[in-house]
Amino acid sequence: MTAAWLLILALAAPAAGTDDDKPKHKETDAEKEARKRAHEEAEEAEKRAEETAEFSEKLAKRIEKGQEQRQKDTEEALKDFDDRVKDYLKLHKKAAATLPPLTGNEDPAAVAAYRVSLAQAIRARRGAARRGDVFDAKVVPALVDRVRTELVGIEAGPARKVIKEGNPKFDEEGYVPVQIRVNADYPLRAPVSTVPPSVLLVLPPLPHDVLEYRFVGRDLILRDLEANLIVDYILGAAPPLPTR
Amino acid sequence: MQTRQTTATLLAVLLGAAAAQAQTITLPNKESSVRFMVIGDTGRGDRGQDETAAMMDKVHGKFPFTFVIMVGDNIYGADTPGDYARKFEQPYKPLIDQGIKFYAALGNHDNPNQRFYKQFNMNGERFYTFRGSAGGLSKLTEGGVRFFAIDSNYLDKSQLDWLSKELAASGSDWKIAFFHHPLYSSGKTHGSALETRAVLEPLFVKDHVSVVFTGHDHFYERIKPQKGILHFVVGAGGSLRKGDIRQTDMTDKGFDTDYSFLIAEIDGDQMYYQAISRTGATIDSGVFKRPDAGSGAAAAGKPAAEVPAAVASPSVETVKELKADVAKEQKAEAAAVSPAPSPAAAPSPSPSPSASKSKPKARKKPPAKKP
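Top to bottom, those sequences are chains A and B.
Letter 235 of the first sequence, counting from 1, is numbered 235 in the numbering used here, and no numbers are missing.
Letter 84 of the second sequence, counting from 1, is numbered 84 in the numbering used here, and no numbers are missing.
Same shape as in the complex, but just chain B (with noise of 0.2 Å):
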């Protein structure tokens, strides 16, 4: 009995020193900075995702961000008014409620017709584009970030072009892609989309993408930046694959260990990121800076050096041969990689926050400074 009262008041104690991390915000916190939260893979409606959902909301406290971005799986199983009631709006109705906007992307788990779900803010397409930062006379004079949502469950023709020809259009200084499955991820369970990226990663890298949000895998991962984009996966808001990272030389820091969500805000060139765990603590935090400040290329349109012409535009031929480029990519990553640690040799094998730095290799260190 005594030994039960011990391990609760250890319990209590440990719970309330994560809870009081919550409210450690290591962000700026500016009122004139565009502040938002990331979530992936939340709506499964169970105890996990509730929970989750109240950390986000006593963030929220800390740290008014203004708008939410989902990166798919919103609604798992059946999506009917009940389920959108308990996977979605039960949740974070304390977030709707003070009119915080969610915009979703489409999962494997989602039917398309959550497109016409007002909450979703998805105006009844499957991608779309919106300006995160103030409107109005603002846009005359700063770049300002824009957000592309992706569904990256049907990359089609008409996707890929709608979405070459509004990254091409974009003067937006912070451009930011949203969609389901990450171009980068060292998951067991699904790990990096090679076709997706094959598509995806040439039209970011020529129009000078900044930074990628995914889920899928139902952990949080922030991969080293690739070719200059920082990816983050972010897919544990309601969904968790334990020791579901393995140890690849992409990870700058992995969490796999409990539900987590991401808060970020972009203040000029830099954008300071924290993740937190459904126990308000905080597994990653840090800043990174828009590789082409001060360059004014994005602004200028101008093409990155190393990016084939040939992309502009997606046809077969080119998907053929970036998918050579990345299945041999994938080949000398797959020899690069050490093997998983026998539990007997690791005893925890999955990345930890404090853990999770993997072998830098002969990579390039990120860019990414620790505030």
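Chain A on its own, in the form it takes in the complex (with noise of 0.2 Å):
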């Protein structure tokens, strides 16, 4: 019987060394700021968090916002280009409608002349025209945004050999200097750039045989080839071009 007593208070006593022997922790009052000031910050992260998705939110469609203003700026720069070149070419068939037409089949002074007389019939209908009348401060950046896509990268580099051909100022022939000024003669000794085909589909078209896009260095200028003036110029419009 006492055997059997020592068994089961054996059994029922907790085994040596246990936490329960241990004496129970106290929490400091220095734990205790500090698991508070450890559940402030994270409650303060969590609505910096939603404060920042807010934001970022609210900026996402802000930009969006802005890039469709963006673009119908743009189209509306493009839209407003086309009615200035519109205008430009009015002017242009005005003032050749002085002069006796060119047919093809001229001799050489027939044609300068015309060139020449062309020429001062449209200075004298746009002799305060200054720069940015056609090529204004609106579309200039989607137009060297244009150029820039097409002569950047390694792919581009055939293009960006092209605008060098004929370019008075890389032209292997020697340099040229062309004065670009609005409605200053294109020097006649000068050569003309090539302009890449790529560069030429990107931009907005030009009436055929009246107006077109050519570089001088890295600038582009708008050229009315009959007259062989410069209508009006964007500094820069291309990226910086090695030289030889």
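None of these hints come from the bench; they were simulated from the model.
Take the hints with a grain of salt, since some may be wrong.
What the hints assert, rightly or not - Incomplete in silico selection of chain A near chain B, CB under 10 Å:
1. His39
2. Gly104
3. Glu172
4. Glu173
5. Pro177
6. Val182
7. Tyr186
8. Ser193
9. Pro197
10. Leu200
11. Glu226
12. Asn228
Ideal Cβ placement from N, Cα and C applies to all residues, glycine included.
Please dock the two separately framed chains into a single complex, following the hints provided.
Set out below in structure tokens:
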């Protein structure tokens, strides 16, 4: 009987060295403070995250709206550019109407005389023309962006090479200075740059055989090819081009 | 003194021998065929142009070509009436006086207003087409020869649309394009115009252009046919860049040591050609059979199998795709090109008429044969 009681007592007794034997830990004030601070910080972080998400959402909407606006502005700018080109074409035609037309069967003197007379007649009609009258501030970024997209990067290597062909600042036949001014003559001695087809296909089309885009160095000029006149220009439209 | 005399005699003998070669025309010279001359980069108004022009006149005495095509850089520098006289009318006066017609394409040194100059027969257009073979009733019975003058300085949409339409509409057996920038060239100074190639070659392949004449690089080069098209660089009619041909596997024949020009004759399905130097030496000659001959593909307007349908009307996307392809091709080409030999290793790196055959590599043998 005694042995049985001893066995029961032994089984019921907790094992020696258990946690219950240790004295219970009492949280210090400092620890309480730290825990409280951590909780507050977590809450603040959560709040900040929510704020950031909200801000990002608003920003994304603003960017999207901005992009839409810019696209709309670009479209409007390009449309306005097109209108100004049409206005120039009207002016060119009016000036040309004062002269006997060329038929393609002229001698060089007649062609030269026509060119000089046409240039004079155009200058007389747009004597007050200034830089930006056709390439206005709104359309310039769009055009520069298009030109550069086609001329930057490894694949654009051939196009960069092309715009140096016949370009007065890079031509192998020697440098012929071209003074870029509105209504100035394009020098007769200067070659005209080749314009890469890839660039021409992304720029707004111009009236056939009246206006053309050409490069002088990195500058894009709008040239009246019959009158040999610089109508307007954009400085530094092309990216930097390595010299030979 | 004696040495000088000997040298002069030797020179005279050599020049005489060379001039004698000019008397040898390797072309069939049939009255019924289309006979013409090709000149490029001529308008300098200097001795080189004058002497080459004099040889052209001599050749015309033996081979009466009826018209001349000019592949651009017709008038370098200013183009005052005096320039037209000095750089065109005076050198070619004997030919002009005999009623030989000149058809010009514009080069990067040409003022686009040259299109109004009557002697260039451009009718006020930067790009145009004309029939090289006889008109009249023969048009009904034979396909004939049609030339397409392109302004490669300014390949805008309007020109590409025009070209696409004209090529597709033409029922001519021979469609020959001429313009300034070479689609293929081994020139160190310029070389192949890849951008131009990207937009023009697909149109040429699709609508069966057989031959392309260009200039810009100041030498003579006949390229191994590319995609069935025979390409010539004829840019030394008045300008010369000695030693400018680098070694590539494109060259079938190259000549960059003197001024030169080309005469050609189309007789049925064959085009005979002969390149001649300023001194009258024959620097290249051969015959090219029109690839579509007998198949009737050109007349029927069948598109070539490898041509993507998208090229029918070039767009920005098409050009981008083609550019990427051409860039890849160019990289492969550059990798395949052997480095230029050093002067010590090869005393004459520029291909001479006899030494210009390049390594065959893995490319296909050209169909051009010696007559």
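task: Any hints from earlier that this structure breaks? Give me their numbers in increasing order, please.
output: 1, 5, 6
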